[in-house]
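**Student:** Go by the hints and put chain S onto chain F.
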Amino acid sequence: MSDNSAKQLLLNIADKGLLSMIVDGGRSGLQQQGFCQSGPMDEPAFHWANWLCDNESANPAIEFIGQVIVDLPATIAFAVTGPGAEVWFNGQLQPLWQTLSSLKGGTLRIQPHRIGTRHYLAFSADWALKSAMGSVSTVIREGLGGLAGDGKPLASGTQLKVCPKQCPDRSVPVQIQPEYALTRPLEVILGYQADWFSGATKNLFFSESFQLSSQVDRMGYRLQGTPVRCGRTDLRSEGINQGAIQVPSDGQPIIMMKDRQTLGGYPKIGCVALYDIPRLAQATPGDRVTFTSIDTNNARATWLLARQRRHLYRKGK
Amino acid sequence: MRPFGRITDIRSAGLDGLILYFGGDDLTQSNQAVQHCVQALQYLNPTWLKELLPAYDSLTIVFDPWLTDDHGVYRCLAELPMNSQTVRFEGHHHRLPVWYGASQCNDFEHLCSYTGLLQSQIVDLHTQARFRVFAVGFAPGFAYLGELPEQLACPRLATPRKRVPKGAVAIADRQTAVYPQASPGGWNLLGLCPVPMFDVGKSPASLLAVGDTVQFEAISEQQYQEWCHER
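Chains as they are written, first to last, in full-length UniProt numbering: chain F, 1 to 317; chain S, 1 to 231.
Just chain F, with the same shape it has in the complex (with noise of 0.2 Å):
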C-alpha cells in the first residue's frame, strides 16, 4: 500500500438532506455529441470553496440542498459557501467562506436559512473518483458522474474516501462574495428569436416581476407570471446556451440551466448574462425576479470585471 492510501480518511454522509451530490469543472467540448454542460449551479461559491481549501479550481465538492449531516473521523480542513447557512462542529456555530483546518474529528452539520437554496462543501482533499466523459459531475437523467460514475446523488450513509492535505487558512471577505439579492434586476442580453416577440412583449418582459415556480431543477427554472406571448411557433431544434430564455407557448419563460438539454426548439427572447446566473440558481419557489436589457459589450466587460477581481484577490491584491 502507498503512503496515501494510509492517509485515506472515510468521511461518512449521516444524512444527505434533501439532494447532495458530486460536482467538479463540468463537462466541455460534448455538447455536440448531446451531453449537456453539466457541473456546479452555483459556480462563484464552487470555486471559492475550492480556493479555501486550497484545491484546484474545478476539484471535486458537493452541492447539497436541505440540511446535511456528514461525520469527520479525523482533522481534515474544509470550507462551506453559498448564500446563507449555520455550520455547526460537535455543537459549535462555524463561519461560512472560511477555511476550517483546525477542528478535531467529530460531526458536521449544515443548516441553510432558506430551503431550496445550493451550497458547496468542499474539502481540501484528493478524491479517488473514476470520471465520466472528463469529469465527475453529477449527471442524474444521463446516469453519469458522480462517486460510482453512473449519476446517483450521494446517498445518506455513503461514505467518501479523500486524501486530506495541508492548508493555509482563508478567507473570502464580503465584497468578494457573490451577491444573491434579488431586488436589482437580472440583466439579459436579447438575442435568438428576440425579433419573433412585439415591442409591446418586450416592455412587458422588462417591466414585469416573474415568480419562481415550484418547477425549478438543474435543467431548467420555470417562471410564471403575465404571460410573454411570441407571434411564431415554427423554429427548428437549435442549440441552448446557459442561461437561454424559452418562451413555450403558454406564455411562461423557462430558463435553461447547467443541466439542460443541448438543442431545443422553443424561442427564446434572451439570455440572462453569465455573472447573474448564479443569482438566479439561488432563488427559490415563491421569490420574485425582474429583468433589465443590456448590451453584449457592456455585459462582456461587467463579466470581465468580476473575473478579474476574483483574480487579483487570489493574488493577494
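Any given hint could be a false lead.
DMTMM-like cross-link-like pairs, simulated, lysine to aspartate or glutamate; straight-line CA separation at most 20 Å [unchecked claim]:
id: 1; chain 1: S; residue 1: Lys-162; chain 2: F; residue 2: Asp-217
id: 2; chain 1: F; residue 1: Lys-130; chain 2: S; residue 2: Asp-212
id: 3; chain 1: F; residue 1: Lys-152; chain 2: S; residue 2: Asp-199
id: 4; chain 1: S; residue 1: Lys-202; chain 2: S; residue 2: Asp-212
id: 5; chain 1: S; residue 1: Lys-166; chain 2: F; residue 2: Asp-217
id: 6; chain 1: S; residue 1: Lys-202; chain 2: F; residue 2: Asp-150
To list a few chain S residues with every Cβ distance to chain F over 10 Å, as calculated [stated by the list, open to error]:
id: 7; residue: Gly-24
id: 8; residue: Leu-80
id: 9; residue: Gln-85
id: 10; residue: Gly-141
Worth flagging that the hints you see were computed from the coordinates, not collected in a lab.
From the three backbone atoms N, C-alpha and C, an ideal C-beta is built for every residue, glycine too.
**Tutor:** Relative to the frame of chain F, chain S by itself:
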C-alpha cells in the same frame, strides 16, 4: 454583424455565444453548410472555442469571453478556410439493423391506420431511404435523422410514453431516430436496434455525427438476439 456566404443570419446567444443560421436550396444543403463550418472550426481549433452545437440549419458557438468577444468570433468565421484539408465533405455511412415490430416497440397498428399503408410497406419505405444526421442532441447520442418519406410522416403521440426502451427505433413528423437510452418519449415506435448509440468508453462517444448518413436494414428477432449476445 452582416451575414455572408451561406450564413443568412447571425444572432447573439448570450455574452459568450453566437448562433449562425445557414441557407441553401433545401434543408440538406443548409445542414451541409453547418457541417462544413463545424469541421473547419474544429480543424482550426481556436483557443477561445468552448462548444459547437450544430443543428438542422444553425450552429451555436460558445466562446471563452476572457479570450475573445462576438466580433472576434465573427472575424474568425469570415476568414475561416474551407477546403479539402479543413473540411471532410462526406460524412460516415452507417448501416443499422432493426428488428421491426419488436413486441415492446410496436406502434404499427396505429401507424398503418394513420398512413393507410401495410406494415411491410412502412418497413420498405423506412429501409429504402438513406437518412442524414441533421443534429445530435436532446440526450447523449440521440441523432435526429431525416427526412422521412412524406407517406410516413405522422404526428407525435398526444401523450408521451413514460418509458421508451433503449434502442427503440421511432418516427415523428419527417424525422426518425434510435433512442440511445431508456427515456420518456413521444415518437411512434417501429422496432429495436441492437447497436449502441453511444459508449462513454469511446471517443467520440456518440456513434453518429452531424453529416453522417444512415440506412436501416430489417433483421429477424433471432438475428436481433444474436447481435445482443455478441456484445
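**Student:** State for each hint whether it applies.
**Tutor:** To see whether the hints hold, each was checked on the structure:
For the proposed pair Lys-162(S) and Asp-217(F), the alpha carbon gap of about 19 Å is at most 20 Å, so the pair holds. Of the pairs offered as hints, the one joining Lys-130(F) and Asp-212(S) is violated, with about 31 Å between alpha carbons and a cut-off of 20 Å exceeded. Of the pairs offered as hints, the one joining Lys-152(F) and Asp-199(S) holds, with about 18 Å between alpha carbons and a cut-off of 20 Å not exceeded. Proximity of Lys-202(S) to Asp-212(S) is assessed by CA-CA distance (about 18 Å); at most 20 Å being required, the pair is judged to hold.
In summary, the hint linking Lys-166(S) to Asp-217(F) is not supported, as the alpha carbons are separated by about 25 Å, beyond the 20 Å threshold. For the proposed pair Lys-202(S) and Asp-150(F), the alpha carbon gap of about 16 Å is at most 20 Å, so the pair holds. Listed as a non-interface residue, Gly-24(S) keeps its Cβ farther than 10 Å from every Cβ of chain F; the least gap is roughly 13 Å. Non-interface call for Leu-80(S) relative to chain F: holds, since the shortest CB-CB distance, roughly 17 Å, exceeds 10 Å.
Every C-beta of chain F lies more than 10 Å from that of Gln-85(S), the closest at about 21 Å, which supports listing it as non-interface. The beta carbon of Gly-141(S) sits about 6 Å from the closest Cβ of chain F, which is not more than 10 Å, so the claim that it is off the interface is violated.
Violation of the numbered hints given earlier is confined to hints 2, 5, 10; the remaining hints are satisfied by the structure.
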